[in-house]
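Q: Produce the entire structure from the sequences given, and follow the hints as far as they go.
Number of protein chains: 2
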Amino acid sequence: MKLTDIYWHLRSDIAKIEKELESTIDANHPVLKKASIHLLKAGGKRIRPVFVLLAGKFGNYDIEKIKQVAVPLELIHMASLVHDDVIDDAELRRGKKTIMSKWDNRVAMYTGDYIFARAIEMTTNCEKPEVHQILSDAMVEMCIGEVEQIRDQYNWNQNLKIYLRRIKRKTAILIAVSCRLGALAVDAPREVQLSLYRYGYNVGMAFQITDDILDFIATEKELGKPAGSDLQHGNVTLPALFSMKNDEVLRSYIINIINGDKPEKKEMEEIISSIKQAGGVDYSFEMSDRYLNKAYKELENLPDFPAKESFYQIAKYIGTRKY
Amino acid sequence: MKLTDIYWHLRSDIAKIEKELESTIDANHPVLKKASIHLLKAGGKRIRPVFVLLAGKFGNYDIEKIKQVAVPLELIHMASLVHDDVIDDAELRRGKKTIMSKWDNRVAMYTGDYIFARAIEMTTNCEKPEVHQILSDAMVEMCIGEVEQIRDQYNWNQNLKIYLRRIKRKTAILIAVSCRLGALAVDAPREVQLSLYRYGYNVGMAFQITDDILDFIATEKELGKPAGSDLQHGNVTLPALFSMKNDEVLRSYIINIINGDKPEKKEMEEIISSIKQAGGVDYSFEMSDRYLNKAYKELENLPDFPAKESFYQIAKYIGTRKY
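Protein sequence lines, in the order shown, are assigned to chains Z and L. In this text, residue positions in the first sequence follow our numbering: the first is 6, and each later residue adds one. In this text, residue positions in the second sequence follow our numbering: the first is 6, and each later residue adds one.
Calculated directly from the structure, the hints in this document are not laboratory data. Keep in mind that a hint or two might mislead.
Copies of the same chain are indistinguishable here, so a pair counts whether it falls within one copy or spans any two.
[As the list claims (entries may be wrong)] Pairs of lysine-lysine, DSBU-like flavour, derived with a Cα cap of 30 Å:
id, residue 1, residue 2
1, Lys107, Lys39
2, Lys166, Lys39
3, Lys38, Lys166
4, Lys38, Lys267
5, Lys39, Lys267
A: Structure representation (structure tokens):
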């Protein structure tokens, strides 16, 4: 099953959000306009808006109200990707050139700032002060997450706790908030909002762990960038972190890469295979499953609307996705 | 009279804020650490903390409470300067190399993001939800201001309204908020807070207009960068805006610079002299005075504490400052 099959029934509302993203991002400034459109066209799964829409099914579903939170949430996500690519010096994302490589770091900086500002500008229009509060807290967490990413980059001496805290801020919080705000926007009961928040948090953690696994085990074609990219950009993720502990030789290889060694493609393949042998991938999958099981459990608390099945399918998809 | 003479009596509390700025900004990441320290050492008038301290004199003055708002306010200001320098491609600020020229745009981007994140992180600790709200609104306005600056850069076809809205977001709001939050932090009465906000807004507008005037009339030594820098970075400010309307020949010269002409030093001097002759500088001083008069008027509403005299002196200083 493809991810898009799961939310096929939402396609007309997703199209509305896509249109709103386009008009919100529209700029007079020529470079800003081109860069933003490039970013929008580069696509993405739009998984945050999907979570918002599904969560909206637990209240008085109204696409106009839902759009008001779905659009800023996706914009915040997009803005953070543009700045992340600068930090990671990333040439490609989803097989497309990043803004920092198509233009330069300057354009990437202000395009990210611009999209971020448009997101918060749109948020200020929201009637519910709680939405405003939750969104601005999420932005704070994501900002701090970016800083943690900079701080931890090129640092091989990390532990599980640091890794989990970083991916929480980088990914899980925004997905959790997407689930919560979708429900809040249409006045779903508070217990439902909080269950959905916890579901989103756990799914988000599993999602990022899977992302970090795929960076090692998927093909270059599937990833849209070379395998092992994270390590080569100085980002130590769970599979490497775990296997470093268990294999001294592998450990010194990984430290060298993080310290700037540029391994040949063949050498990188061997390191990836050692990471698998040392159990880094299996351990990470187990960790991801643990979060997914917590997510399933949260769903049990929710009323039996059809959207519940979609939430279940998405969590299941994340556990088995190949790219 | 020098600006520092006016707040000489606050020097020990300013030193406390300086120390707190240093410890807040401290980072583990080596480049981040060096860049932040460079920025801190490059100085600045710390005028926003001064406004906070003075405003604090209208309530139960408590430096511990005041620090909690003064530090994030100065950090937000510093972060915005770092990103502004990337947008303006500015080599120098106050005679010192900017982060983007000492390192590069990438470092400037993430140093700005880092300082911004530290500011909002510190804000979340604040007990008063109103402080949180006012500060985050100010950040939104400044973000939008940055976007307006990007949009209006290299665009000579502007009007007074666009200019005033931009400098409001770029400068006046943060000064207004500094005055208000200093009073709010120590529970000064609400009318006092609002009067101080309006005082700060008007002083802030006059401050930025004077800054924009000085870019044309001060010497390179006083400015710490060449005169006419704004124009050469594509930023159309009030003196140029006004004189373009009244002098067709000058207008075409200015349009050429904004479109990328790099004038010789001698040629720039002639253009500056034409701007003066066309009345651009006089008009801008009048506009600045208009805002200062409104600021004085706001002070009349305040109780007669000694801090009121300092506020008066600062406004007077802004009207006569040479750099």
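Q: Could you work out which earlier hints the structure fails to respect and list their numbers in ascending sequence?
A: none
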